[in-house]
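**Q** If you read the sequences in order, they're chains A and B. Position one of the first sequence corresponds to residue 1 (the working numbering), numbered consecutively onward. Position one of the second sequence corresponds to residue 1 (the working numbering), numbered consecutively onward.
To be clear, the hints were calculated from the coordinates, so they are not data collected in a lab. Treat the numbers as computed from the prediction; the structure is a model and nothing was measured. There's no promise every hint is true.
[As the list claims (entries may be wrong)] Using 20 Å as the maximum straight-line C-alpha spacing, the simulated SDA-like pairs for lysine to any residue come out as follows:
1. LYS216/B / ASN68/A
2. LYS147/A / PHE188/B
3. LYS113/B / LEU12/B
2 protein chains.
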Amino acid sequence: MIKVVIIGSGNLASHLIHEFQKSNRIHLVQVYNRNIDKIQYLKNQVAITSKIADLKDADIYILAISDNAISEFSKKLVLKNKLVVHTSGGLHLNNLKSDSDKGVFYPLQTFSKNKKVEFSSIPICIEANEQKDIILLEKLAKSISTKCYSINSKQRKSLHVSAVFVNNFVNHLYHIGNEICKEQNIPFELLLPLIEETATKIQSLPPIDAQTGPAKRNDTKTIEEHLALLNANQQNIYKLLTNSITTTYGKKL
Amino acid sequence: MIKVVIIGSGNLASHLIHEFQKSNRIHLVQVYNRNIDKIQYLKNQVAITSKIADLKDADIYILAISDNAISEFSKKLVLKNKLVVHTSGGLHLNNLKSDSDKGVFYPLQTFSKNKKVEFSSIPICIEANEQKDIILLEKLAKSISTKCYSINSKQRKSLHVSAVFVNNFVNHLYHIGNEICKEQNIPFELLLPLIEETATKIQSLPPIDAQTGPAKRNDTKTIEEHLALLNANQQNIYKLLTNSITTTYGKKL
């Protein structure tokens with residue numbers, strides 16, 4: 001059994017707590033949060049604390065707290081011969097300042113409070129300086145997911161930027177699509193099957209081959225008509241992405 | 001039985017042919033294409049022709065051809081007391097110039113040649129001037145899908161622009177995510193569960209509530225770090241979408 005302490009109470013922390021409790025290969029020893037009220041709901045299931053001095057003995061301490069807090073918090077940890085990991089896509093391993101082995105345990109997924117996620121298919125990106133720690137993190141990852149990847153800090157940063165494009169920015173385009181529909185009293189649900197199919201298509205087809213639409217065809221007449229329907233901000237986004245698509249496929253011809 | 005003739009041999013035409021052949025409420029009378037070679041594969045299943053003069057008698061003639069060809073082609077049709085429809089998201093009903101009743105039969109989905117689509121969940125947007133034609137189109141739509149919407153030409157144009165945002169532009173962002181990963185030798189498959197969850201999330205949550213990430217948090221440090229990893233085109237897109245997100249949520253505070 002791998003003994004684990006989780007630090008934090010946010011979306012990722014609560015999902016990890018849930019998964020670790022289900023696994024029979026992991027012993028969730030304790031959950032820490034500086035505000036004890038936020039983890040009171042766990043008190044009948046696992047030891048909880050808001051005092052660093054009261055942290056129990058474990059193999060791995062997982063910091064599932066905000067990026068800004070990681071360096072400062074890790075400085076306070078006096079844990080010799082233990083592994084301390086953060087869970088951030090954007091931060092280098094060396095942002096950890098504790099007096100112990102360092103690692104990263106980064107599940108690449110978007111987590112919302114009340115939305116269940118099928119953890120077993122989430123890629124978990126791990127990193128550590130010591131081979132024994134990599135083996136331990138791999139064991140931890142594989143106890144909750146079928147997908148574990150060794151990703152160094154430089155790669156993880158690029159992965160994090162990619163995730164911003166395919167998750168944050170994509171969701172914002174969904175929002176713009178919704179706004180355009182609203183103006184004409186069109187229910188957004190009409191777009192849902194298209195959104196789903198767009199995401200499904202690239203599971204079997206590289207995105208470069210899945211591209212369709214007026215920008216790829218360089219159909220300037222349709223593009224002009226579309227622009228006439230949009231507000232200034234939507235127009236800027238439409239133009240920039242259309243140019244980017246035209247350039248992408250122009251090069252390929 | 002509704003008697004149908006399909007004009008065209010592209011992705012949408014071939015999907016419609018397939019669906020109509022399965023339905024026992026539709027009689028697919030004939031398929032027309034100006035280049036007969038492209039529909040030879042159908043000759044043992046249905047009558048085919050490349051001559052407008054040989055078009056058979058039917059209730060509905062469905063033009064599943066490119067937007068540019070619709071006006072010209074429809075001028076050539078001499079079909080009194082028949083219903084001629086186009087299948088375009090971007091074109092007004094009045095782009096049809098035939099001497100018959102006019103309508104639109106627009107399935108809102110992205111179609112690829114060798115990719116099967118579950119037609120029953122595709123929203124079909126219909127429009128016609130005459131009430132009897134609306135009833136006929138609704139019957140046709142419901143024979144292959146559970147979702148049928150009355151959408152006028154103005155609404156359909158907005159819907160088409162929305163579709164460009166949530167399909168064409170989203171796919172291009174997938175492509176950029178892929179490019180960023182490639183540079184660091186990260187397999188694109190790592191992003192697939194995130195892409196899927198992003199699309200699934202908004203089936204139950206409005207996109208405005210599903211937004212996460214550095215732009216929404218106005219986390220300027222992370223944004224700067226991301227920009228440093230991108231090429232000029234990627235930077236422009238990153239900045240514009242980040243500003244758009246910041247403005248969207250800034251307003252809401």
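**Q** Now tell me if each hint is right for this structure.
**A** These are the hints, each one checked on the structure:
For the given pair, LYS216/B sits about 16 Å from ASN68/A by alpha-carbon distance, which is consistent with the 20 Å threshold. Annotation: proposed proximity of LYS147/A to PHE188/B holds, straight-line Cα distance about 13 Å (limit 20 Å). Distance hint between LYS113/B and LEU12/B is fulfilled; the C-alpha atoms sit about 9 Å from each other, no more than 20 Å.
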